[in-house]
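Enquirer: Residue numbers (the working numbering), protein chains in the order written: chain A, 1 to 214; chain B, 215 to 567; chain C, 568 to 798.
What the hints contain is simulated information worked out from the structure, not anything from laboratory work. Watch out, some of these pointers could steer you wrong.
Residues of chain B clear of chain A, computed beta-carbon distances all greater than 12 Å [as the list claims (entries may be wrong)]:
no. : residue
1   : Leu-235
2   : Leu-249
3   : Leu-261
4   : Lys-508
Taking CB as the label site, the calculated pair distances span [to be verified]:
no. : chain 1 : residue 1 : chain 2 : residue 2 : range
5   : B       : Phe-336   : A       : Thr-12    : 56 to 64 Å
6   : B       : Leu-547   : C       : Arg-686   : 39 to 47 Å
7   : C       : Met-582   : A       : Gly-167   : 52 to 60 Å
8   : A       : Leu-165   : C       : Leu-611   : 29 to 37 Å
Glycine included, every Cβ here is placed at the ideal spot set by N, Cα and C.
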Amino acid sequence: MSATSSKDKPMTATTFTEGLWKENPVFVMLLGLCPALAVSNTAVNALAMGVASTFVLLGSSLLISLLRNLIPKQVRIASYIIIIATFVTAVDYIIHALSLELYNALGAFIQLIVVNCAILGRAEAYASKHKVGHALVNGFGMGLGFTLALVLVGGVREILGFGTLFGVSLFGAQFQPWAVFILPPGGFFVLSFWLVVFAAVRRNRERKEAAHGA
Amino acid sequence: MSASSDKPVQLHTSPHLHQPLTVEKIMRHVVYAMLPMCAWSVYQFGLSVLMLLIVCTAVCIGTEHLICRWSGKPSTVNDWSAAITGILLALILPPGFPIWMAVVSAVFGVAVGKMFWGGLGFNVMNPALVGRAFAQAAFTVPMTTWVPSMAPGRFTQFIPSTWTPPLMVPRPIAEWLDQIAVDGFTGATPLALMKYNQESTETLALLTGTITGSAGETSALLILLGGLYLIVRKMMDWRITVSILGSAFILSGIFYWVDPTIYPSPFFTLFTGGLMLGAVFMATDMVGSPETAKGAWVYGILIGVLTVIIRLFGGLNEGVMYAILLGNAASPLISKMTQPRKYGALKKREAKA
Amino acid sequence: MSEMSTPSAATPPAMPSPLRLITTLGLIAMLSGFTIVLIYQVTLEPIARNHREALERAVFEVLPGAVSRANFTVIDQELIRLSDEELAAADLFAGFDEDGNLIGVALEAASRGYAGEIRVLFGYAPDREKIIGFTVLQSSETPGLGDKIETDPRFLANFEALDVRLDETGEALANPIQPVPEGAKTQPWEIDGITGATVSAVAVARALRESTETWVPLIFAHQDELAEESE
């Protein structure tokens, strides 16, 4: 349905922005929910997870788009997985080298980027069918959309659960933390809250467009 | 609901006006049945509990009304069910619970526990318990901070933690405790004393409610009176209450018989914590409990057994809330499995043969 | 997503030869392996340094005043000095001040908390026969409750001078470490608990008790040996 489904179409703004809003991987397509729930207990963790996933998305989009005419259809999924796994392993080592604290906070979820369907979905649905430039821009948009979603969830959870945002105290020392928001149920509460907000905004917009068209 | 009489034909003298038992009417009578309990808990804990009752009830009604309005439906607050949720919630929170946290729990209970499902009749779980479960998970320490009952000056001053500024930790109550000078007050409920210190509390104190606890769980006697009133008026399924209390009594009796030095006596189990309140007013919620008579027994026994198991072997000292929530969750399945055989239909095995 | 269902025009319907499939996959796998090895080589040193620094920070934290350390392992009741390359095998770390005097020994302890394993590091000063420092290495205790074992200053004050004296035989503690409810501490070997986080506090006490019962007699017997090891 997107305007860029054909290979020869020129790059448009939608190539980039569809991942941010219209096809946001978490809030609209409901992909990659496992990391979105599991490592979104603080805004910093969420941001790190988002950046790591964006890097994997960019790298795999680039390589898959480059190799798209060389990989036979029958082994494409296996090839995509190997390529994605390579970048995930790289990210894993790099984060481990950059900060031990961050590495411990993200835990097994860095390795689990490999099964994030938002990434394999991009490889299958976009990168394997488009030119390198398109694939990179689209992958970057999707990565940003994923990061945005994680930070939105992580931000709310951190504000309520710790009284801080990106580690900066918002309410002073007397703040009563809402422990439940740091625990797994809090992830579900906040994610569903954002899903409701996004759905409401989308419905409003569609209603307006319909009214406009008529 | 077994509102209709057993006789196939009813003979009455005129006037032949029959008033059907409506949801609204049942709910109103549940509120009546809870009033003595409320009065007693206000007498015990004073202004703070009165405030909790008022605020919780108002917030529950307000939340339901607002959500109805936002979703463009007629308001359903006139069926009294939101008021019941509010009263119940206030009765199962600690008396000195900060008002702002009570507001949050009430909004969560009604919004997530009831209205998101589609309102009364569609919710799976008891909204008051959902609110309390949320409070337990979010504000663990305030939820386990208890104050002594019958404190002097309770009708003229609030417990300091009641008026905590929003989003802040509860005001410390140590100074206030010193001031009212209650000797040997540890802030532990009878259940906590049992679990961590192996100390039992006298049954008479448990019956009348001169103990520490949340407002409504302290007097088993008044809860039973309220329950009896509803049973006599046939507005409550007595099977659920009886099976919860009975199974909890029997199971804890068995443990007590095996080793009375570790396990509490069955009477202690019956009269402590929220078991009585839960069995009479919360598990019997018509929406969350099975609709068949056989199902009611299964449901009640499940809750009773779970309560005892959580209390004796779990990490928490009180398990009624989770037991009822689990029972609520299981009740559609119980209803389905205990449907009576259709008249004239053969049993499965016979039908096959 | 219409892209998924549209068959790519570039791929002919005919099946490519198995050889081609294997070669492609093999090439991609080789490329992947090569990249990973490269990144592994580059990050090996920083990762090891991170771990070393984190450990060093923890050791110096539990041994106030220490500025250098030495790693040891224990084989058949004998202390064996290890180099930094063999860090992973180390059981205990001796800390020394600027003049090379032994401040104490940092030891690891672990037990099951409320939510998974709690690993802690504590500092033992053989000359004073006391625990003089404590830090949590790893825990997944409930935020806001159980994680008070890392943050609550009143709880951490337990470990500024926790008595672990040996009895006359020199083979066991005179008074094994005891957890008590919050505010009930009366003896120097008792650990004041945390209200609302009893399980976590008791787990810490249990970890320390088990670790001290094994290690303290051994270290106490070898303290002169350790003191001579400073650079």
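Enquirer: Would you mind marking each hint as holding or not holding in the structure?
Expert: Do the hints match the structure? See the list:
1. Every Cβ of chain A is farther than 12 Å from the Cβ of Leu-235/B; the closest lies at roughly 37 Å, confirming the non-interface assignment.
2. Chain A leaves Leu-249/B outside its interface by the beta-carbon criterion, the shortest separation being 32 Å against a cut-off of 12 Å.
3. Here Leu-261/B stays apart from chain A, with its beta-carbon at least about 22 Å from theirs, past the 12 Å limit.
4. With a least CB separation of 33 Å from chain A, Lys-508/B remains clear of the 12 Å interface cut-off, as annotated.
5. For Phe-336/B and Thr-12/A, the Cβ-Cβ distance of about 45 Å falls outside the hinted range of 56 to 64 Å, so the restraint is violated.
6. Taken as a hint, the range 39 to 47 Å holds for the pair Leu-547/B and Arg-686/C, whose Cβ atoms sit roughly 42 Å apart.
7. Against the hinted window of 52 to 60 Å, the Cβ-Cβ separation of Met-582/C and Gly-167/A comes to about 56 Å, which satisfies the hint.
8. Against the hinted window of 29 to 37 Å, the Cβ-Cβ separation of Leu-165/A and Leu-611/C comes to about 35 Å, which satisfies the hint.
The structure fails to meet hint 5 from the earlier list, while all remaining hints are met.
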